[in-house]
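Sequential numbering of the sequence shown, starting at 9, is according to my numbering.
Among these hints, one or two may not hold up.
[Unchecked claim] Taking lysine-lysine and the BS3-like style, the derived pairs with C-alpha atoms no more than 25 Å apart in a straight line are:
1. LYS105 x LYS74
2. LYS115 x LYS70
3. LYS133 x LYS105
4. LYS19 x LYS74
5. LYS125 x LYS19
6. LYS105 x LYS13
7. LYS105 x LYS70
8. LYS40 x LYS75
9. LYS105 x LYS125
10. LYS133 x LYS75
11. LYS74 x LYS40
12. LYS115 x LYS40
13. LYS70 x LYS19
14. LYS133 x LYS74
[Stated by the list, open to error] Cβ-Cβ distance ranges computed for the label pairs, FRET-style:
15. SER62 x ALA82: 51 to 61 Å
16. PHE58 x LEU38: 14 to 24 Å
17. LEU38 x ASN121: 37 to 47 Å
18. ILE16 x PHE58: 18 to 28 Å
19. CYS55 x LEU22: 27 to 37 Å
20. ILE16 x TYR131: 13 to 23 Å
21. ALA82 x ILE29: 16 to 26 Å
22. LEU52 x THR114: 26 to 36 Å
23. SER66 x VAL32: 38 to 48 Å
Derived from the structure by calculation, the hints contain no laboratory data.
Note that CB positions come from ideal geometry on N, CA and C, so glycine has one too.
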Amino acid sequence: MKRRKLFINEKIDLLYSVIWILSVIILLLLNKLMDFHYELLRTLIFCLAFAILSLISSRRRKKQIKKIEYLSRALGLSIDEVRSIAGIGRYDLVDWKWNQVNISQTKMYFLENELEKRYVERYSKVFE
């Protein structure tokens, strides 16, 4: 079975998530070390961890959407061309909104990476 190569932005997001999970584990170990037996505190730590991981994910998706929109404008690509690059498929183009469309995170990473490559090819500089 061939393993899929991770994109650089995907690796960065994975690193943020791992750092956060390790922080939660450290908090739980400190809780155990100090001999707190507060179930409420443990539950609160787990809920906080889940909320922050969700927040990190949603924030990253919003940044991806902004970046994709900017790159597609800079490259002069229509929404139909952008969707065909990512292999998203054909949908009604009358009221297209990125935040209302269900696109997998893998395709978003692929699209972001592909548009960055095209930007570098066209303008000979890295997108910032």
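- Item | Earlier hints that do not hold, by number | 3, 6, 8, 11, 12, 15, 19, 21, 23
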